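Undergrad: If you're matching them up, the sequences are chains A and Z in order. Each residue of the first sequence is one higher than the one before, counting from 0 in numbering that gives the first Met the number 0. Each residue of the second sequence is one higher than the one before, counting from 0 in numbering that gives the first Met the number 0.
FYI, nobody ran anything at the bench for these hints, they're computed from the structure. Watch out, some of these pointers could steer you wrong.
No copy is singled out in the list; a pair is fine if it fits within one copy or between any two copies.
Listed next, the in silico PhoX-like pairs over lysine-lysine satisfying Cα-Cα at most 20 Å (straight line) [said to hold, decoys possible]: (1) K58 to K43; (2) K102 to K58; (3) K58 to K72; (4) K111 to K11; (5) K72 to K11; (6) K72 to K111; (7) K28 to K102; (8) K43 to K111; (9) K114 to K11; (10) K43 to K114; (11) K11 to K43; (12) K28 to K58; (13) K111 to K58.
All figures in this text were calculated on a predicted structure; none of them were measured in a lab.
2 protein chains.
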Amino acid sequence: MSVEETEDLQPKWNADGLIAAIAQDAESKDILMIAWMNEEALRKTIETGEAHYWSRSRKELWHKGATSGNIQKIASILIDCDQDAILLMVEQVGSAACHTGRKSCFYRSVGKDLKLTFTD
Amino acid sequence: MSVEETEDLQPKWNADGLIAAIAQDAESKDILMIAWMNEEALRKTIETGEAHYWSRSRKELWHKGATSGNIQKIASILIDCDQDAILLMVEQVGSAACHTGRKSCFYRSVGKDLKLTFTD
Numbered sequence: 000m001s002v003e004e005t006e007d008l009q010p011k012w013n014a015d016g017l018i019a020a021i022a023q024d025a026e027s028k029d030i031l032m033i034a035w036m037n038e039e040a041l042r043k044t045i046e047t048g049e050a051h052y053w054s055r056s057r058k059e060l061w062h063k064g065a066t067s068g069n070i071q072k073i074a075s076i077l078i079d080c081d082q083d084a085i086l087l088m089v090e091q092v093g094s095a096a097c098h099t100g101r102k103s104c105f106y107r108s109v110g111k112d113l114k115l116t117f118t119d
Numbered sequence: 000m001s002v003e004e005t006e007d008l009q010p011k012w013n014a015d016g017l018i019a020a021i022a023q024d025a026e027s028k029d030i031l032m033i034a035w036m037n038e039e040a041l042r043k044t045i046e047t048g049e050a051h052y053w054s055r056s057r058k059e060l061w062h063k064g065a066t067s068g069n070i071q072k073i074a075s076i077l078i079d080c081d082q083d084a085i086l087l088m089v090e091q092v093g094s095a096a097c098h099t100g101r102k103s104c105f106y107r108s109v110g111k112d113l114k115l116t117f118t119d
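Model the full structure from these sequences, guided by the hints.
TA: Below you can see the structure in the form of structure tokens.
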């Protein structure tokens with residue numbers, strides 16, 4: 000069975016043992032953020048129903064919102080065709096997914112002149 | 000000016016010179032796919048208004064849909080707080096973003112039993 004058609008979870012970890020994880024607001028469908036998961040982060044996310052990531056800067060498991068209160072409750076988890084990316088449909092608790100205090104990390108648009116325009 | 004608050008485009012390329020790029024349907028807000036861009040792919044995307052990626056398997060610039068016809072017309076381009084991820088809001092021409100022929104690459108949900116359920 001090809002990786003695209005199997006019903007078995009077979010994450011394709013990269014050389015650092017990580018997989019990209021997109022968090023999307025399940026209701027508004029806004030993209031909130033993108034982060035990384037290792038095997039433990041994915042397992043804890045599935046088990047607890049709250050988003051866990053791997054912090055590449057702090058090199059530690061990161062239970063999103065554990066200190067800020069801005070946890071992400073999992074509505075559903077999807078995986079892509081070649082199983083090297085995860086999509087979390089979440090309920091974002093609190094006002095912000097982004098560490099800048101904004102709802103989403105994607106708050107600047109890129110213009111043809113390569114200048115950024117703030118949308119939030 | 001911090002990377003989070005600057006109006007200057009300063010992509011944070013990874014060790015391979017790449018940045019993650021999410022494609023989202025601008026109308027339905029469904030996530031279509033995630034791929035990678037190098038500097039040329041990002042530049043061509045901005046200049047032409049059609050999504051270009053870097054194919055890690057073929058190691059070449061990839062004008063999405065150039066052969067299949069399933070091009071992605073750019074509605075807007077966003078960049079995240081630390082400028083290491085791009086979000087393309089696109090009009091997906093043709094029926095599929097995924098190479099399997101499906102609209103989206105995220106067509107399987109992950110269950111608590113670690114089994115995948117097809118949603119498309």
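Undergrad: If a hint holds in the structure, say so; if it doesn't, say that too.
TA: Now for the hints, and whether the structure bears them out:
| no. | hint | result |
| --- | --- | --- |
| 1 | K58 to K43 | within (16 Å within a copy, 34 Å between copies) |
| 2 | K102 to K58 | neither (24 Å within a copy, 35 Å between copies) |
| 3 | K58 to K72 | neither (23 Å within a copy, 37 Å between copies) |
| 4 | K111 to K11 | between (35 Å within a copy, 19 Å between copies) |
| 5 | K72 to K11 | neither (24 Å within a copy, 29 Å between copies) |
| 6 | K72 to K111 | between (37 Å within a copy, 15 Å between copies) |
| 7 | K28 to K102 | both (12 Å within a copy, 17 Å between copies) |
| 8 | K43 to K111 | between (41 Å within a copy, 11 Å between copies) |
| 9 | K114 to K11 | between (35 Å within a copy, 15 Å between copies) |
| 10 | K43 to K114 | between (39 Å within a copy, 16 Å between copies) |
| 11 | K11 to K43 | within (18 Å within a copy, 29 Å between copies) |
| 12 | K28 to K58 | neither (29 Å within a copy, 32 Å between copies) |
| 13 | K111 to K58 | neither (36 Å within a copy, 26 Å between copies) |
Hint compliance for this structure: hints 2, 3, 5, 12 and 13 are not met, and every other hint is.
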